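Q: In case you want the letters, here they are:
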Amino acid sequence: NAGVTQTPKFRVLKTGQSMTLLCAQDMNHEYMYWYRQDPGMGLRLIHYSVGEGTTAKGEVPDGYNVSRLKKQNFLLGLESAAPSQTSVYFCASSTRTGGTEAFFGQGTRLTVV
Amino acid sequence: SQKIEQNSEALNIQEGKTATLTCNYTNYSPAYLQWYRQDPGRGPVFLLLIRENEKEKRKERLKVTFDTTLKQSLFHITASQPADSATYLCALGLSSGSARQLTFGSGTQLTVLP
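Residue numbers (the numbering used here), protein chains in the order written: chain A, 2 to 114; chain B, -14 to 99.
One or more of the hints may lead you astray.
[Stated by the list, open to error] Derived lysine to aspartate or glutamate pairs resembling EDC-like cross-links, with alpha carbons at most 16 Å apart:
1) 44(B) / 69(B)
2) 44(B) / 102(A)
3) 72(A) / 39(A)
4) -12(B) / 60(A)
5) 2(B) / 52(B)
Note that these hints are calculated values from the structure, not bench results.
Quick caveat: nothing in here was measured; it's all calculated off a predicted structure.
I would like the entire structure built from these sequences, with the hints used as guidance.
A: Below, the structure written as structure tokens:
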């Protein structure tokens, strides 16, 4: 029962460095999402995908890119990290049917110094 | 502008009492509303869903109401226990678009005191 798995769990980056966060789900879900969570601001949607090979922008997409080459994987990239991207990142997935629950990963705590 | 507000950032109650958490929204027309529980250092976990044409949903000690006229949802935990201490998030599911995006409130941190 792996569900949604995020890699890595923690990371410290220097300003300007790049990295990729990996999200993998084993539930055959069509939809996948990347959120960031900051104190007092709740979860904000960065990018999402409605299926393999498709991605779309969410509420706060600037500074991030995503790819969904395989249905089970959704990658979040930071090309040039900035201190404002210090946050906890959550990946989630859900089925296509409206109103179903979202399953979340355990989160990646990223610090940009 | 669109806004989701959850009552007070923190709520303390005594064990055995009923905890009531509020989620208010403006300038949204949600098709459904969900409640999640989040423990420190963990991802949110789904608890309940209620659709726009439903007034109330129950699951064990949990009850959710949804008033689309008031634009408000209430989340109740009856006979609360210290193990219920966590942050609770409400999330609106929008009817538009092909993706089932959720828009989250900032959460209410509940502490149940023994």
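Q: Taking the earlier hints as the rules, which of them does this structure contradict?
A: 3 and 5
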